[in-house]
Amino acid sequence: MQTNFTTEQLADPDVAASEKILRACVHCGFCTATCPTYVLLGDELDSPRGRIYLIKQMLEEGKPATRDVTTHLDRCLSCLACMTTCPSGVHYQHLIDHARAHVEETYRRPWHDRTLRALLAFILPHPKRFRVALLGAALARPFRFVLPPGRLRAMLDMARDVPGPDATDRDGVFPALGRRRARVALLAGCAQRVLAPSINAATIRLLTRHGVEVVVTGGCCGALPHHLGKVDPSHELAASLIGQWVAELDGEGLDAIVVNASGCGTQVKDYGWMFRDDPALAKDAARVSLLARDITEFVTTLDLPAPSQGSGLTVAYHSACSMQHGQKITREPKALLQAAGFTVREPLDAHLCCGSAGTYNLLQPAIASQLKARKAATLAATGADLMATGNVGCMTQLADAVGMPVVHTVELLDWATGGPRPEALGSR
Amino acid sequence: MIAMPKPDPQILARRQAIAAQLRTLLPASSVIAETERMRAYESDGLTAYRQVPLVVALPETTQQVADVLRWARREGIKIVPRGAGTSLSGGALPVADAIVLGLGKFKAVLDIDYANRTVTVQPGVTNLAISNAVDAAGFYYAPDPSSQIACTIGGNVAENSGGVHCLKYGLTTNNVLGLEFVTPEGEIVRIGGKHLDSPGYDLLGLLTGSEGLLGIVTEVTVRILQKPETARALLLGFASAEQGGDCVAAIIAAGIIPGGMEMMDRPAIHAAEAFVQAGYPLDVEALLIVELDGCAAEVDHLIGRVEAIAALHGVVVSRVSTTEAERLRFWAGRKAAFPAVGRISPDYYCMDGTIPRAALPRVLAAMRDMSAKYGLGVANVFHAGDGNLHPLILYDANVPGELDRAEAFGADILKLCVDVGGVLTGEHGVGVEKRDLMEYQFDAVDLEQQHRLKCAFDVDLRFNPGKVFPTLHRCAEEGRVHVHRGETRFPDLPRF
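For the record, the sequence lines run as chains A and B. So for the first sequence, my numbering puts the first residue at 1; every next one is plus one. So for the second sequence, my numbering puts the first residue at 1; every next one is plus one.
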C-alpha cells in the first residue's frame, strides 16, 4: 500500500516500523472475513482493513487521535484473527499496539473513560489490589440492578466469589519429583492467580510429577496495561519479569519459561520486539521471548505417559485467540487432551473471539456480550461434557454461559496423569 | 490513469444536507459522512484508484435500500454499490458525487433447502460462508473465487465470479437460481426462484455480471452441490511454461474435465510457498495443480491418465495428494497467491484476461518480452483449464512512474489477449480497470446496444457511473455514440 511519510517522521523508529507494516498491506480485504467486529457490525471501519486505513491516516498526518478514530480502534479486540488470515504478512499486532499508544498519548478521553482505564491498569496487574476490589464488588453485587446496562454493571457481573489463595500460590522453587529432567520458570501471573488459583496449582503438580523443577516467579506480564495503550507501566512490569528470569537463566539455568495463560504468553513472546530499541534490555528481552513456551508446547516435549485414569468425557476445546492467532498454537492442546483420553470437539467458527480479550469485556460490554453469546451457543452445540481452554480470560467470560463446567487444559492433563479431579467438575 | 467523470459541484456542496436526509431513512450508525472515516471506503482491491465518496450508507434491510434508492432518484444522486470491497477491477471504486451503498450488514443465511438443493442468503454473506453453512450435510457451493473467504455473494453476482472449480461446474451465472433486487427507481423485484428456468427473457443472466450498473441485489438463491465422494489433487512441475501449457491443452483434448486446473509460474510459486508452505517444488518454471473429483475408482483412473499425459509433456515433478489435508495444502498456496505476492512486492496490479488455450505459450512469451520492456516483474497465476489469465504486475506505488508503467504493461497484455482471439476479462469484471479497453474489444454498434440495455434499467445513468463503458452519453442520445476507432475489430468473430 502506498504511504506518505516524511523523512523526519520516519526518523522515529516506531513510525518507521509501522510504515513497513502498512506497506505490506495490499488492501485485499481477506482480513474483514474473520474479524469479529466486522462480522457483527458490517462496517469496514470496524474491520482490520478499515482500522489500518485509520491508523495510516493518523500517523501520516502526525495529528492527535480524534474521537472517531479512537472509537473504532477501541472496538478492536486485538484477537489477531486478521493476522492468521492475512496472506501478505501484515503485522497488525504491532501496528495496533503503536496506534493504541498514540491514542493514549494524544487523545484526551472523557473523564469516566479515563478514570475507568486508569483504575483497571492500577488494580488488575496486582493480585492483592484485585482481590480487595473483587471483595468490594461482591458486596455491591446485590445492588447491580440499579445500574444501567453498561460498563459498571458488566464489571459487577464479572465479579464472582473469590476463591481463597491456593497453598501453592507463592513464588519459589517447587522441586521435581523423582529424577529432574528439566528446570523451568512459571509465570505466576496476576488476575489468574486471584480468579483461578487452581490453574497454577495443577501446572505445578503436572510438571513436578513429570520430573520438572518449577521456579514460580511473580508479577504481571504487562499485557493488561499494554492493551490499554499504557506503554510505561507495561514496560515496567515486563522489565521486572525479564530481570527475574535473566537472574535464573544466568544462575541455575532454565530450559523454558512456561506460561499457562495464552494472553500472557503472546505478550512474553513479544518482549523482544517491545524492547528492541532499548540498549539495556534488548538482548535479555529477546532471550526471554525465545525461551517462552505455552504450557501445552512445553508439556508436548515431555511425552506424558498414557492416562492413569480414563474419564470417557467429551471436551469442547475453545482455542483462545491469543493461543491460535497470537501464538499460532493449534495442534498441541488438542493432541494432548486426546492422548490423555478425552474426546475433543471444536465449535463452529472456532476462529472467532469469545469477547473476553483482556479488559475488552469490561470496556466494550455490548460487543463482548454478543460475541460471548455466539461462542457459548456454538460450544454448547458440540454436546460436550465440559469445556477446556488455555486462557483464564476466556474461562471467566464463558463460565456462566456455556452450561457446562469450564476448566483449563492443564487441569485435565493433571487429572488424567494422577492429579486430583478438577474442582469445577464437581462430583459429576 | 483512467479519468473518472467530473463530479457535480452542486451535489458536492450539499454533502451535509444529503447525509442529514439519509439519517432520516437509516439508523445514525449507518451513515458515514466525515472524510476521515470515509477514507476507509476510498478504494477496493484495486488500490491504484482511490476516491473519497460523497457519503457512505450502510442499510440493514431491503426496505431501507428501496427507501434510499427512491429518495436518491428524486434527488438525482448517484449510487456506487459495494460488497466486501474486494473487487480487483475497481468495481466498487467510489465516485466523488455518489453515495457508496454498502451491503456489509446483509449477513443472514435465510433458507437452506436440501430437497431443492438451494441456499438463499443476503448479499453480504461471503462465498465461503455459503459452503460452510451446508458443509456438515455434505454439500457446497461450487464457484470459488480465490478471495472466497472474504468476497460476498452479492459481489459474485455483480461480477459473475468464477474460481478454480468453474472449469467443471460453471461460473456464478450457472449457479444462481433466483435474485431479489432493487431497481434504480427503488422498486423491489424478484426474478427466478428455486427452479432452473423462468418464462420470459433471462433476466438472471442479465443481472449476473452487470457490475452494479443495473440495480442492487438484496437476496440471492444459489444452487448447491453434493461434495464429491473423493477429490485428489496432482502437483505437476515443468521446466518451462510452454510445456505446462501444452500439457493443459492435452488433458482437455483427451476429454478429461478436472474439477480444477491451475497454473503458476516461478515467482508466484515462490511467493505462495513462502506464505503457506504447501510443499511446492521451487526449482520448476511452471506448476500445475490438477484436481480430479468423483467416485474413488473414477478418480484413481483419471489420475493415472493425467500422469501419463504429463509424462509425455516432460513433467519433472509429479505428486498426488494422499490425504484431504494434503489436497487442501496444495490448494492453499494457489488460493492465497495474489496477496502472497504482496510479500515479494509492495504493490501489484492483478490482470484478468481470457485467451484460447492454444495461445498460451505465445502469450506467455510475449509477456516476458513486455516485462523486460517495462522493467517490471510479473508473476503469473491462471485458471489454465479455461484460459483465464491472472498476470500480477509487480510495482512500487512509492516509486514515481511505476504505476503508470504497470498500467501500460497491463493494457498491452489485455490487448494481446484480444489479438489472439480472447477477451478482456474472465471473472473480475471490467470496472474502471478495463473500461477504456472496451473499445478495443467491441465496435461502436456493440457498445451502443449494451448502452441501450443499461438505459432500460437506469435511465438517468446514476448507477456505478464511470464503470464498464468508456463514454457516458445521455440515454436520449442513443444512436450517436462517439467512436474512437471507426473500424470493427475481428468482424468474423461472433459477439456474445
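Among these hints, one or two may not hold up.
To be verified - Calculated from the model, a selection of chain A residues having no Cβ within reach of chain B, i.e. all distances over 12 Å: (1) G29; (2) P87; (3) R108; (4) A377.
Stated by the list, open to error - Chain B is faced by these chain A residues, among others (derived, beta-carbon under 10 Å): (5) A24; (6) H112; (7) R153; (8) A424.
No lab work stands behind these hints: they were computed from the structure. All C-beta atoms in this analysis are idealised placements derived from N, C-alpha and C, irrespective of residue type, glycine included.
Against the structure, the hints:
1. G29: 4 Å, violated
2. P87: Violated, because the least Cβ-Cβ distance between P87(A) and chain B comes to about 4 Å, which does not exceed 12 Å.
3. R108: 18 Å, holds
4. A377: Given a closest Cβ separation of 15 Å, the condition holds.
5. A24: 6 Å, holds
6. H112: 21 Å, violated
7. R153: 22 Å, violated
8. A424: 30 Å, violated
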